[in-house]
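Got chain A sorted already, so can you dock chain B onto it with the hints?
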Amino acid sequence: MSADQASTLSLYVHVPFCSSRCGYCDFNTYTATELGNEVRRDSFHEVLAAEVRIAAEQLSTSQQVSTVFVGGGTPTLLGSHGLNYVLQEIKDSFGLVAGAEVTTEANPDSVDQQMLEELRAGGFTRMSLGMQSSAPRVLQVLERTHTPGASVQAARWAVEAGFEHVNLDLIYGTPGETDDDLKASVDTALSAGIDHLSAYALIVEDGTALSRRIARGELPAPDDDVCADRYELIDQQMNAAGMPWYEVSNWARPGGECQHNLAYWRSQHWWGVGPGAHSHIDGRRWWNVKHPAPYAERVRAHEAPIADAEQLTADDLRTEQVMLGLRLAEGMSAQSFDDVLLDDLLRRGLIDQSARADSRVQLTLAGRLLADAVVRELLPS
Amino acid sequence: MPGPQPGSTDPTVIRNFCIIAHIDHGKSTLADRMLQVTGVVDDRSMRAQYLDRMDIERERGITIKSQAVRLPYKADDGVEYVLNMIDTPGHVDFTYEVSRSLAACEGAILLVDAAQGIEAQTLANLYLALENDLVIVPVLNKIDLPAAQPEKYAAELSRIIGCDPDDILLTSAKSGLGVREVLERVVETIPGPTGDADAPARAIIFDSVYDTYRGVVTYVRVVDGRIGTRDKVSMMSTGAVHELLEVGVISPEPVVSKGLGVGEVGYLITGVKDVRQSRVGDTVTTAQKGATESLGGYRDPKPMVYSGLYPIDGSDYPLLRDALDKLKLNDAALIYEPETSLALGFGFRCGFLGLLHMEIVRERLEREANLDLISTAPNVIYRLVRDDGTEFVVTNPSEFPEQKIAHIFEPIVKATVILPSEFVGTVMELCQQRRGMMLGMDYLSEDRVELRYTLPMAEIVFDFFDALKSKTKGYASLDYELSGEQDADLVKVDILLHGEAVDAFSSIVHRDKAMSYGTMMTSKLKDLIPRQQFEVPIQAAIGSRVITRETIRAIRKDVLAKCYGGDISRKRKLLEKQKEGKKRMKMVGRVEVPQEAFIAALSTGDETSKK
Numbered sequence: 001m002s003a004d005q006a007s008t009l010s011l012y013v014h015v016p017f018c019s020s021r022c023g024y025c026d027f028n029t030y031t032a033t034e035l036g037n038e039v040r041r042d043s044f045h046e047v048l049a050a051e052v053r054i055a056a057e058q059l060s061t062s063q064q065v066s067t068v069f070v071g072g073g074t075p076t077l078l079g080s081h082g083l084n085y086v087l088q089e090i091k092d093s094f095g096l097v098a099g100a101e102v103t104t105e106a107n108p109d110s111v112d113q114q115m116l117e118e119l120r121a122g123g124f125t126r127m128s129l130g131m132q133s134s135a136p137r138v139l140q141v142l143e144r145t146h147t148p149g150a151s152v153q154a155a156r157w158a159v160e161a162g163f164e165h166v167n168l169d170l171i172y173g174t175p176g177e178t179d180d181d182l183k184a185s186v187d188t189a190l191s192a193g194i195d196h197l198s199a200y201a202l203i204v205e206d207g208t209a210l211s212r213r214i215a216r217g218e219l220p221a222p223d224d225d226v227c228a229d230r231y232e233l234i235d236q237q238m239n240a241a242g243m244p245w246y247e248v249s250n251w252a253r254p255g256g257e258c259q260h261n262l263a264y265w266r267s268q269h270w271w272g273v274g275p276g277a278h279s280h281i282d283g284r285r286w287w288n289v290k291h292p293a294p295y296a297e298r299v300r301a302h303e304a305p306i307a308d309a310e311q312l313t314a315d316d317l318r319t320e321q322v323m324l325g326l327r328l329a330e331g332m333s334a335q336s337f338d339d340v341l342l343d344d345l346l347r348r349g350l351i352d353q354s355a356r357a358d359s360r361v362q363l364t365l366a367g368r369l370l371a372d373a374v375v376r377e378l379l380p381s
Numbered sequence: 382m383p384g385p386q387p388g389s390t391d392p393t394v395i396r397n398f399c400i401i402a403h404i405d406h407g408k409s410t411l412a413d414r415m416l417q418v419t420g421v422v423d424d425r426s427m428r429a430q431y432l433d434r435m436d437i438e439r440e441r442g443i444t445i446k447s448q449a450v451r452l453p454y455k456a457d458d459g460v461e462y463v464l465n466m467i468d469t470p471g472h473v474d475f476t477y478e479v480s481r482s483l484a485a486c487e488g489a490i491l492l493v494d495a496a497q498g499i500e501a502q503t504l505a506n507l508y509l510a511l512e513n514d515l516v517i518v519p520v521l522n523k524i525d526l527p528a529a530q531p532e533k534y535a536a537e538l539s540r541i542i543g544c545d546p547d548d549i550l551l552t553s554a555k556s557g558l559g560v561r562e563v564l565e566r567v568v569e570t571i572p573g574p575t576g577d578a579d580a581p582a583r584a585i586i587f588d589s590v591y592d593t594y595r596g597v598v599t600y601v602r603v604v605d606g607r608i609g610t611r612d613k614v615s616m617m618s619t620g621a622v623h624e625l626l627e628v629g630v631i632s633p634e635p636v637v638s639k640g641l642g643v644g645e646v647g648y649l650i651t652g653v654k655d656v657r658q659s660r661v662g663d664t665v666t667t668a669q670k671g672a673t674e675s676l677g678g679y680r681d682p683k684p685m686v687y688s689g690l691y692p693i694d695g696s697d698y699p700l701l702r703d704a705l706d707k708l709k710l711n712d713a714a715l716i717y718e719p720e721t722s723l724a725l726g727f728g729f730r731c732g733f734l735g736l737l738h739m740e741i742v743r744e745r746l747e748r749e750a751n752l753d754l755i756s757t758a759p760n761v762i763y764r765l766v767r768d769d770g771t772e773f774v775v776t777n778p779s780e781f782p783e784q785k786i787a788h789i790f791e792p793i794v795k796a797t798v799i800l801p802s803e804f805v806g807t808v809m810e811l812c813q814q815r816r817g818m819m820l821g822m823d824y825l826s827e828d829r830v831e832l833r834y835t836l837p838m839a840e841i842v843f844d845f846f847d848a849l850k851s852k853t854k855g856y857a858s859l860d861y862e863l864s865g866e867q868d869a870d871l872v873k874v875d876i877l878l879h880g881e882a883v884d885a886f887s888s889i890v891h892r893d894k895a896m897s898y899g900t901m902m903t904s905k906l907k908d909l910i911p912r913q914q915f916e917v918p919i920q921a922a923i924g925s926r927v928i929t930r931e932t933i934r935a936i937r938k939d940v941l942a943k944c945y946g947g948d949i950s951r952k953r954k955l956l957e958k959q960k961e962g963k964k965r966m967k968m969v970g971r972v973e974v975p976q977e978a979f980i981a982a983l984s985t986g987d988e989t990s991k992k
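Taken in order, these protein sequences are the chains called A and B. Take 1 as the starting number for the first sequence in the working numbering and just add one per residue. Take 382 as the starting number for the second sequence in the working numbering and just add one per residue.
To be clear, the hints were calculated from the coordinates, so they are not data collected in a lab. Treat each hint with caution, since some may be false.
Claimed, not checked - Pair ranges (Cβ atoms, derived):
| # | chain 1 | residue 1 | chain 2 | residue 2 | range |
| --- | --- | --- | --- | --- | --- |
| 1 | B | G970 | A | G349 | 16 to 26 Å |
| 2 | A | G349 | B | D703 | 48 to 58 Å |
| 3 | A | S336 | B | R930 | 41 to 51 Å |
| 4 | A | A241 | B | G880 | 19 to 29 Å |
| 5 | B | G962 | A | D187 | 55 to 65 Å |
Stated by the list, open to error - The calculated lysine to any residue pairs, modelled on SDA-like cross-linking and capped at a C-alpha distance of 25 Å, are:
| # | chain 1 | residue 1 | chain 2 | residue 2 |
| --- | --- | --- | --- | --- |
| 6 | B | K958 | A | D223 |
| 7 | B | K683 | B | K670 |
| 8 | B | K964 | A | D344 |
| 9 | A | K183 | B | I936 |
| 10 | B | K905 | A | G217 |
| 11 | B | K555 | B | Q417 |
| 12 | B | K964 | B | A981 |
| 13 | B | K654 | B | D694 |
| 14 | B | K958 | A | L312 |
| 15 | B | K960 | A | R376 |
Keep in mind the model is a prediction, meaning the values are calculated, not measured. Glycine is no exception: its CB is placed at the ideal position from the N, C-alpha and C atoms.
So that you can see chain A by itself, here it is in the shape it has in the complex (with noise of 0.2 Å):
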């Protein structure tokens, strides 16, 4: 934990375009024609850049951003010319560390050796594509609109491009999925040369047009028994590949950890620019109005676009960090916790016996499937 230590400062932007909506996704984005005429997709990122001015006022700090990560929706829906503009605006206010990560997510549909060229070029080091699998009917099920070789074709164009690191997203145990479909896709996603890999349960959102077909009885649930199992797979090809686990649902090659992801996990500072992002600030969280419009025309008037805000107290400060803390393989000390149920949980398998031994708490392959139960049991009631 570096809770003692200074805090870093990071910046998220959101994007919240997409061309279409796939249909287990509740994200905060919206398509063309959600949008009408309310909102101008080709004039956006001076907005956002707008809100990135509003929050160097409002800091008035003379701290350089470590990371950045702009993420949606689609990002590059917003061009290279688009992105680049709002980093060489970060770059202008606040000013980036030595070596800072600058991340960006791509749909691997609406990017092409060109663009991956001039965002490299622009200060970008790090690229994050959704693939979700290699298998055609899962990707049909997700309706996701790109071709199982688009993704692959897209991470090597990324490390072509001189990109420091590459990320693919996996989504897994989706209805349909079989345990040689998910293989088939952590192989084909390390056989583009990507450093890091991100993998997430299929999560059943409300108001999704996944949750209604399963409603229907179109699609079955996923099913939490698979799920594990296609999380153990994943894991053992990821150590197989020297890639081993830093976070729950994040595997990299050392060196190559998602420095942006771990100042979440880490309790670290981070203002969110663009409609309905998160922000974290000495101990405050906030969070920007929803929808485009109504965030352009706040930013636009110079105000802050903030929809509301908590102040976090010592013991939400303490949840949080034990939440998110123990997702990590660095884990947490042992010290701020009950011998008597770090013992428990080790009698059981959840917690690793060698870090115990050098006092401190990081979860076992049990463990992490349970994280949020270990979570439950080590905070107090």
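This is chain B only, laid out in the frame that chain A set:
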């Protein structure tokens, strides 16, 4: 007020009668019309179901507590009569109360829906009235309904009562059609009461109601002599003597009088606070120069069905206790004692007259004390005989012995089902499944049948009525009366969770049904209990012998994968909600069971018996 005054009414102008009817056949509406026709309630102050006091009665359309109303009526013969309409409860659980109401009357209006015909409970009460030598005034109601078949049901009624179909009156209580004719018939055919005005006072208590302000209000019918305001009264079953604070009649609001004479119906207020001190069926006499012989027919109410009542929120236990103490003041049949359940915490073991009584008590507790309650599966009373001939009574599965017992006797009932003939096959099958023995079958009309069975009461208590209704599209009606007991091969089935018996789920069942009960409960619990971090066997067992088993596999995944774009608050709130949910879990051994799982598992047959 012109006409006969309370306390000095000539018995020859008094007509004491009740209305025998099935729910929904229009009894309350007919009573409303009579209030209007006789003019005791003017049209402006009329409200529907005027006489039904409690909200619960008005909402469910059933009358729980009878009442008596005095109606002055100037008949076509020019005589000013006094009609005392004694309202009766219409359900099998309250047969005893019905019989006491009937004992206070000389006649009864038999009210039957002209679209549905007579129902089983009405038939049973009619027989009760005939046994008491009451004059019957048969009425077919709702004749203006499109589905009404007055000829058919008049024929049916005439066959049952043995009268001329033409003597059956036709009414629409809703519109008021024929109501005056009914009153005329009452006056003509029902005799006035006879009694000895000079004999020591004797009055039968046919109802006893607790009122928050007045204490217990006792409804009586004077048989002999006179009860005056200056008398002290004595309850003949106990000899207890009470001051009389007030005497009066209900017309339809209380009217204080100087006394009640032969044949009169009215109320007494003595200041007692508990209906147990003024019990239905008891005889009231004067403390001085009182009668030495009671009117007879009194008996203590005996619970037939037992169930555990628990507050869903354990901290409501004191509220439940207070609510029961209060309800007891108004319900002489309710008994209860504290009970502790592993699964449900602190509650009460309660005894009821029957299922409807149980439901009414539960509903009143929930409504009047604003409580959320869960009840365990109801059971009947068993008499167990040991090898040495000594015996004991079991009212709770937990008292059922683990070791073998020489004899177990279970109560049986004589049940009457009236149903359309097309369903006879399915209903016979149902009765067969419920260990029934057929006693007989009669056609009431060409397409309506009366089936008579002996059935174990335990089988009726379970969900017999629901099954009967669903198998007959709601057309069947049921009545039953206790008819002794039988030696039966009964066992206690325990439900074990990870090796621990869950008391609330233990049940006494016939050996042949142990497996199906066990399978039903274990499979239900398997779906209701969340997976734990270890494998949890759910077993049904008779003693130490496991008869069926399900397994809840250990949970392997309890982790939310993603972090919604830095939305940590959402994740923290979810965690807090999960922790909150965990606090409400009950521990059975090491197994965490949500309270809702117990409730859902117990909710079978919960909706039984909306009769």
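Outcome of the hint check:
1. G970/B - G349/A: 16 to 26 Å: 21 Å, holds
2. G349/A - D703/B: 48 to 58 Å: 50 Å, holds
3. S336/A - R930/B: 41 to 51 Å: 43 Å, holds
4. A241/A - G880/B: 19 to 29 Å: Once the Cβ atoms are compared, 45 Å apart, the range 19 to 29 Å for G880/B and A241/A is violated.
5. G962/B - D187/A: 55 to 65 Å: 40 Å, violated
6. K958/B - D223/A: 23 Å, holds
7. K683/B - K670/B: 32 Å, violated
8. K964/B - D344/A: It holds: about 20 Å lies between the C-alpha atoms, which stays within 25 Å.
9. K183/A - I936/B: 23 Å, holds
10. K905/B - G217/A: Measuring from Cα to Cα gives roughly 22 Å; hence the hint holds.
11. K555/B - Q417/B: 12 Å, holds
12. K964/B - A981/B: With a Cα-Cα distance of about 19 Å, the restraint between K964/B and A981/B holds, given a limit of 25 Å.
13. K654/B - D694/B: 30 Å, violated
14. K958/B - L312/A: 17 Å, holds
15. K960/B - R376/A: 6 Å, holds
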